[in-house]
Amino acid sequence: MEIEEKNVDNVAIISLNGRLDAYASNEVERSINALIDKGSVRIVVNFDGVGYISSSGLRVMLASLKRLKKVQGTIKLACLKPYVKEVFDIAGFTQLFEFYEREEEAVNSFKGWEL
Amino acid sequence: MNDRFELEIEGKLEKLAIISDFIANAMSEFGLDDRKIFGVQLAVDEACTNIIKYGYTKEVGTIDISCLRRGGDIIAVIKDEGKPFNPTTVQPPDLNASLEERKIGGLGIYFMKTFVDEVKYEYRDGKNVLTMIVRLSPK
Numbered sequence: 001m002e003i004e005e006k007n008v009d010n011v012a013i014i015s016l017n018g019r020l021d022a023y024a025s026n027e028v029e030r031s032i033n034a035l036i037d038k039g040s041v042r043i044v045v046n047f048d049g050v051g052y053i054s055s056s057g058l059r060v061m062l063a064s065l066k067r068l069k070k071v072q073g074t075i076k077l078a079c080l081k082p083y084v085k086e087v088f089d090i091a092g093f094t095q096l097f098e099f100y101e102r103e104e105e106a107v108n109s110f111k112g113w114e115l
Numbered sequence: 001m002n003d004r005f006e007l008e009i010e011g012k013l014e015k016l017a018i019i020s021d022f023i024a025n026a027m028s029e030f031g032l033d034d035r036k037i038f039g040v041q042l043a044v045d046e047a048c049t050n051i052i053k054y055g056y057t058k059e060v061g062t063i064d065i066s067c068l069r070r071g072g073d074i075i076a077v078i079k080d081e082g083k084p085f086n087p088t089t090v091q092p093p094d095l096n097a098s099l100e101e102r103k104i105g106g107l108g109i110y111f112m113k114t115f116v117d118e119v120k121y122e123y124r125d126g127k128n129v130l131t132m133i134v135r136l137s138p139k
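Those sequence lines, one after another, are chains G and H.
Here the first sequence stands for residues 1 to 115, where the numbers follow the working numbering.
Here the second sequence stands for residues 1 to 139, where the numbers follow the working numbering.
No wet-lab data here; the hints were simulated from the structure.
Any given hint might turn out to be false.
Stated by the list, open to error - Straight-line C-alpha distance at most 25 Å; calculated DMTMM-like pairs for lysine to aspartate or glutamate:
| no. | chain 1 | residue 1 | chain 2 | residue 2 |
| --- | --- | --- | --- | --- |
| 1 | G | Lys-85 | H | Glu-14 |
| 2 | H | Lys-58 | G | Glu-27 |
| 3 | G | Lys-66 | G | Glu-104 |
| 4 | G | Lys-85 | H | Glu-118 |
| 5 | G | Lys-69 | H | Glu-118 |
| 6 | G | Lys-81 | H | Asp-125 |
| 7 | G | Lys-85 | H | Asp-33 |
| 8 | G | Lys-69 | G | Glu-5 |
| 9 | H | Lys-12 | G | Glu-29 |
| 10 | H | Lys-15 | G | Glu-98 |
| 11 | H | Lys-15 | G | Glu-104 |
| 12 | G | Lys-38 | G | Glu-27 |
| 13 | H | Lys-103 | G | Asp-89 |
| 14 | H | Lys-103 | G | Glu-98 |
| 15 | G | Lys-81 | G | Asp-37 |
| 16 | H | Lys-15 | G | Glu-27 |
| 17 | H | Lys-58 | H | Glu-14 |
| 18 | G | Lys-70 | H | Asp-94 |
| 19 | G | Lys-85 | H | Asp-21 |
| 20 | H | Lys-53 | G | Glu-2 |
| 21 | H | Lys-53 | G | Glu-27 |
| 22 | H | Lys-103 | G | Glu-86 |
| 23 | G | Lys-38 | H | Glu-100 |
| 24 | G | Lys-66 | H | Asp-94 |
| 25 | H | Lys-53 | G | Glu-29 |
| 26 | G | Lys-66 | H | Glu-100 |
| 27 | G | Lys-81 | H | Asp-21 |
| 28 | H | Lys-36 | G | Glu-86 |
| 29 | H | Lys-103 | G | Glu-29 |
| 30 | G | Lys-85 | H | Glu-59 |
| 31 | G | Lys-66 | G | Asp-48 |
| 32 | G | Lys-66 | G | Glu-98 |
Said to hold, decoys possible - With the C-beta cut set under 10 Å, the calculated list includes, among others, these residues of chain G facing chain H:
| no. | residue |
| --- | --- |
| 33 | Tyr-23 |
| 34 | Ala-24 |
| 35 | Ser-56 |
| 36 | Leu-58 |
| 37 | Arg-59 |
| 38 | Leu-62 |
| 39 | Lys-69 |
Since we're looking at a predicted model, the values are computed, not measured.
Built from N, CA and C at the ideal position, the CB exists for glycine as well.
Taking the hints into account, I'd like the entire structure generated from these sequences.
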């Protein structure tokens, strides 16, 4: 799994490239936890490079969302491929997360947020 | 055309990608469409993840996977020698729970049951034997 991080308008963006299975999930979880530990509360995950996700990937997103909500933050998901989005849908996660077709839309949706 | 594919692999999380490629190749040979291939990959991946994380806790063991075609059915059989565990008896998670109440985990077995048509379990000769069946729609 390749993980890239950048910061745009005070939003931390994590771009994933690879299979998000139980092996890669550990790595992604460490990256997101490190961002939250450093004080990031507004996070966007770009799934453009992810063609496969298992329940372990969903678990990491849910754990991160739960952690961020406690500090008035959130995590938003962008650029999901149809099969990957379907896994979120079947898990009943559609009601828990905000999804965006483009990364910029996810970043812009944070405008007006007070830190 | 090949009617049977077998893989014997070490039960380690870093091997999941190889398992997934093996399933994709076998299912593609059996003529499944991309959506169904994805479903079998996910179901097998979840089963193997459980074996690796909860079955082989003390030492790394082997996972045997065979894929075969029988009439109009595609069958994947997964065998391991880890702790006996019957996933078919596990209750599904509450998919409508709020964020606060939503439990982390429990989804893998639900995905297994959702993405293939039938999941059967037996414990035989000291092994967990999990059988997944995909029914090809009649042409």
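Holds or violated: H/Lys-103 to G/Glu-29, with C-alpha atoms at most 25 Å apart: holds, 17 Å
Restraint check for H/Lys-58 with G/Glu-27, where alpha carbons must lie at most 25 Å apart: Status holds; Cα separation ~22 Å.
Satisfaction of hint between G/Glu-29 and H/Lys-12, Cα-Cα up to 25 Å: holds, 18 Å
Hinted pair G/Lys-70 and H/Asp-94, Cα distance within 25 Å: Holds - the C-alpha atoms of H/Asp-94 and G/Lys-70 are around 22 Å apart, at most 25 Å.
Hint check: 10 Å Cβ-Cβ cutoff, G/Arg-59 to chain H: At about 5 Å, which falls below the 10 Å cut-off, the nearest Cβ of chain H leaves the hint on G/Arg-59 intact, so it holds.
Pair hint G/Lys-81 and H/Asp-125, alpha-carbon separation not exceeding 25 Å: Violated: G/Lys-81 and H/Asp-125 sit about 42 Å apart, past 25 Å.
Holds or violated: H/Lys-103 to G/Asp-89, with C-alpha atoms at most 25 Å apart: holds, 16 Å
Distance restraint between G/Lys-81 and G/Asp-37, which requires alpha-carbon spacing of 25 Å or less: violated, 29 Å
Pairwise hint evaluation, G/Glu-98 against G/Lys-66, where the allowed Cα distance is 25 Å at most: holds, 14 Å
Restraint status (C-alpha distance of G/Lys-69 to G/Glu-5 at most 25 Å): holds, 21 Å
Pair hint G/Lys-85 and H/Glu-14, alpha-carbon separation not exceeding 25 Å: Measuring from Cα to Cα gives roughly 24 Å; hence the hint holds.
25 Å limit on alpha-carbon distance, applied to hinted pair G/Lys-85 and H/Glu-59: Violated. G/Lys-85 to H/Glu-59 sits at ~35 Å, over the 25 Å cutoff.
Checked against the numbered hints given earlier, this structure breaks hints 5, 6, 10, 11, 15 and 30; the rest are met.
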